[in-house]
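Chemist: Protein sequences appear in the order of chains A and B. Residue numbers for the first sequence follow my numbering, so the first one is 1 and each next one is one higher. Residue numbers for the second sequence follow my numbering, so the first one is 1001 and each next one is one higher.
Incorrect hints may appear among the rest.
[To be verified] No farther apart than 25 angstroms at their CA atoms in a straight line, the calculated lysine to aspartate or glutamate pairs in the DMTMM-like style are these:
hint	chain 1	residue 1	chain 2	residue 2
1	A	343	B	1118
2	A	290	B	1027
3	B	1164	B	1151
4	B	1164	B	1239
5	B	1164	B	1027
6	A	290	A	342
[As the list claims (entries may be wrong)] Derived list of chain A stretches under chain B, where covered just means 3 residues or more per stretch with a C-beta under 8 angstroms from a C-beta of chain B:
hint	stretch
7	145 to 153
8	327 to 339
If you are wondering where the hints come from, they were derived from the structure by calculation, not from laboratory data. Even for Gly, the Cβ is constructed at its ideal location relative to N, Cα and C.
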Amino acid sequence: MKSGAAAAVATPVAVSIAHPARSASNRFEAMRSAVSLRHVVVLAGVLLLPLAATPFMLFQVVAQSLVLGLIALSLTFLGGYGGMVSLAQMTVAGIAGYAVAVLGFSSATEISLRWPWWAAIPVALVICSLAATLVGWLSVRTEGIYTIMITLAIGVAFYYLVLQNYSVFNGFQGMREVYPPKVFGVAWRDPVPFYYLSLGCALAGYFLVRWVVGAPFGIALQGIRDNPRRMNALGFHVVAHRVAAYALAGFIAGVGGVLFVWYNGLITPGSVGTSWLINILVIAVLGGMKHPIGAFLGALVFVLLQTFAIDLFDRERFNLVIGGVFLAIVLFSPDGLLGLWEKLRLRLGPAQRLSHNSRRS
Amino acid sequence: MNRRAALATALLVGGPITVFSVWALADNPRLYLVTLMNSLTLASLYFIVASGFTLVFGLMRNVNLAHGSLYLLGGYVGFFVAERTGWWVLAMAAGFMAAALAGLLIQVLLLRHMQGQELRQTMVTIGLSIVIGDLLIWIFTGQVHQMEAPEWLQGPIRGIPLIKAYSAYRLSLLGFGIAIGVGLWLLLNRTRVGAMIRAGVDDRGMLAAAGVNVNLVFAVTFMLGAGLAGLGGVIGAVELSMVPGEDTRLLLASLIVVIVGGMGSVVGAAIGAAILGLAETYGLAYAPTYSVVFVFVVLIGVLAFRPRGIMGRPA
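Given the sequences, and given the hints that come with them, work out the whole structure.
Modeler: So this is what it looks like as structure tokens:
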């Protein structure tokens, strides 16, 4: 057990350390070596996508995947790098969404405070980050499997709160007509602007997570994931690291939550209900929690299934399909689609790494 | 906990409750007492469902998030058996058996193959809860099914001082809760199987080393835990009615009961159920749109001071 844990500490850290560049030229050099051809191809592809895709594909499929992927990314960061699988990430996103609706504009005129967007959005993000910190502080007091229970309980309790409460959350009706503001004369909810907006946020989130997991904080977090007692003995403050991870993940989820409200144009208790809490987990696990890109991959598959399920089978049975796919992934490929890809590459291509630590329970 | 801490806790928790009780009793004694009865009867239902959850968790460290779905399954099966045969006792047995069988299948076919991988097991039960929930909607539709109480429990009991009249069925819930609590206590403390389960809770490895077939003990416990959820489903089908979504509600109740009470402890489940029932029902009666906030406050208070729950011990 002890030696196994030691190996588990060593491998991911060794893999994910990106040597911090000392000087500007070094940094440029490092950036150029980090950017390979596939990055350029992918970037050009996503930037030019609006030329090829129909507005429906762009808005309903790709933009929605990016937004859901951003929320799932926060879970990937927490679960994959922090070892804390929280089911409350959609709750945190929903808190940001509700905050934007309550502070800004919505159809519920007696509730909304009609703040301008440059005040409402930052305050909403602060509120959801604080809420995430509280959730984190509550759930990191116990460890492991307790986390999932406590976060699920918090998430479901929040759902019942917004369902019952009419004075702040407008109850069952929720807040309608919540749209992005017109900034620089652009209607941000039109397919192409919204696509670029969500793409910008998604890329920022992706690179933020990539950067954080390579920074000292991220390395310490991964160490805590693999062996909290040893990290504690080394002098790291385990609880503080974990709560900070929750706060950062809460901020990312909050950005996703604001975008999700704008995408839907409304927020109702249903958006923070159990099925959505679980959907975020499904997305993250589907893609694979070992790499930030898994969240977006999982979201794309999820949205495609959701959008085109109607052509393949009864629309009503979507839950059965998504539940079945999730079960199959958990049973046969715990590392998600990325894990499948890795296996395929190992089998087909030349051996890329000598030691490959694929199992983590 | 030393004496001063205990005294401080008693004052901090008991003080506001006493003040509230005195005010509420003076204001409207009937409302207060009816709410008290309602909370205790609801707590019995929560206890029945959550005791199964906590039993499974205590032995296998397995958070069965499909527990709510098993509750709903038991309720539906019980409903249809009662409708066909008219025998309520038979319906209860059928609900118990259906959920127990489903639990046995889950344990033997899926969870046994990933022993020790707690997170993966939990994710499997999440997937199962989605699948079972959707299958139940497919088979039983999304309509509301309301089961009738057996004839000898229909109608109110009259002539109780102050309360005047109270539903006989709701009162019987209290009896069920106590009966199942006593039954579980006898099973765990007076039988050989119970001794094995308790030994397994304390040290699984040692139990296996002592020559006990741990897999069998696990299967029996999982069956019992799932069966209790199903039994709760039949009992709850009369009081709460069966609709998709009740599974979430009972899952939340089970989670909070075991988080507050302490995981793996049946006594803790009873305490947790009582606290949750009181907080929820009094919240609904006295501050309808904020009743969940009371549950939150209880949850946060317990987690802040006793992270492992009131009766919890380090795992």
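Chemist: Hey, residue 290/A versus residue 342/A, does the alpha-carbon distance stay inside 25 angstroms?
Modeler: The given pair, whose Cα atoms are some 11 angstroms apart, holds under the 25 angstroms limit.
Chemist: Residue count check for the stretch 145 to 153 of chain A against chain B: does it reach three with CB-CB under 8 angstroms?
Modeler: holds (count 7)
Chemist: Can the restraint linking residue 1164/B and residue 1151/B be considered satisfied, given a maximum Cα separation of 25 angstroms?
Modeler: holds, 21 angstroms
Chemist: Would you say the stretch 327 to 339 of chain A counts as covered by chain B, given the rule of at least 3 residues with C-beta under 8 angstroms?
Modeler: With 4 residues close enough to chain B, the hint holds.
Chemist: Do the alpha carbons of residue 290/A and residue 1027/B lie within 25 angstroms of each other, as the hint requires?
Modeler: violated, 59 angstroms
Chemist: Keeping to a limit of 25 angstroms between CA atoms, is the pair of residue 343/A and residue 1118/B held or broken?
Modeler: holds, 23 angstroms
Chemist: Keeping to a limit of 25 angstroms between CA atoms, is the pair of residue 1164/B and residue 1027/B held or broken?
Modeler: holds, 17 angstroms
Chemist: So if I understand the rule, the pair passes when the alpha-carbon distance is 25 angstroms or less; does residue 1164/B with residue 1239/B pass?
Modeler: holds, 20 angstroms
Taken one by one, the earlier hints fail for this structure only at number 2.
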